[in-house]
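**Q** Per our numbering, the very first residue in the sequence shown carries number 407; after that it's consecutive.
Among the hints, erroneous ones may be present.
[Stated by the list, open to error] Restricting the straight-line Cα-Cα distance to at most 27 Å, the calculated cross-link-like pairs of lysine-lysine (DSSO-like) are:
#, residue 1, residue 2
1, LYS488, LYS516
2, LYS485, LYS516
3, LYS471, LYS420
4, LYS461, LYS438
Source of the hints: derived by calculation from the structure; they are not laboratory data.
As the structure is a computational prediction, the values presented were derived from the model and not from experiment.
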Amino acid sequence: MARIVGVNIPDDKKIDYGLTFIFGIGWSRSAKILSQAGVDRASVVGKLSETDLRKIQEIIEKSFKVEGDLKEDININIKRLKEIGAYRGLRHIHSLPSRGQRTRSNARTKRGKRKTVGALKKEDMAKLQQAAAKS
407 MARIVGVNIP DDKKIDYGLT FIFGIGWSRS AKILSQAGVD RASVVGKLSE TDLRKIQEII
467 EKSFKVEGDL KEDININIKR LKEIGAYRGL RHIHSLPSRG QRTRSNARTK RGKRKTVGAL
527 KKEDMAKLQQ AAAKS
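Using the sequences plus the hints, can you model the full thing?
**A** The structure is reproduced here in structure tokens:
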């Protein structure tokens with residue numbers, strides 16, 4: 407396995423797809439990096455020379471924020487939005503979609519599992535009370 411910017415890339419993958427394993431690099435960035443390095447996009451990771459891998463590594467480190475640095479920047483930006491009380495920050499605080507999606511009928515992934523609100527059957531209420539008593 408080739409290791410680029412701290413990420414293991416499987417030897418059996420093509421290099422253009424393999425670079426997308428790195429957080430912050432997609433298809434278009436992968437193509438730009440490979441053209442700058444002068445590496446064929448169809449070549450397999452396991453058959454690349456050490457100099458090619460070093461070129462790719464240097465281009466990524468010099469030109470792009472990836473992996474930990476990028477994740478840290480994203481978290482800092484979200485934290486800033488929360489602190490200044492921006493609308494997007496409030497949406498993050500309440501675990502709701504922040505880009506205008508509807509939440510009345512969808513947004514299950516962001517909002518989490520459904521919670522029962524209102525009346526329960528007697529058997530269900532008894533089970534809840536027993537569970538609460540045990541813990």
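**Q** So, for every hint listed, does it hold in this structure?
**A** Here's how the hints hold up against the structure:
Of the supplied pair hints, the one linking LYS488 and LYS516 holds, its CA atoms being roughly 17 Å apart against a limit of 27 Å. In summary, the hint linking LYS485 to LYS516 is supported, as the alpha carbons are separated by about 18 Å, within the 27 Å threshold. Restraint check: the Cα-Cα separation between LYS471 and LYS420 comes to about 22 Å, which is no more than 27 Å; the hinted pair holds. The hinted pair formed by LYS461 and LYS438 meets the criterion: a straight-line CA distance of about 13 Å does not exceed 27 Å.
The structure meets every hint from the earlier list without exception.
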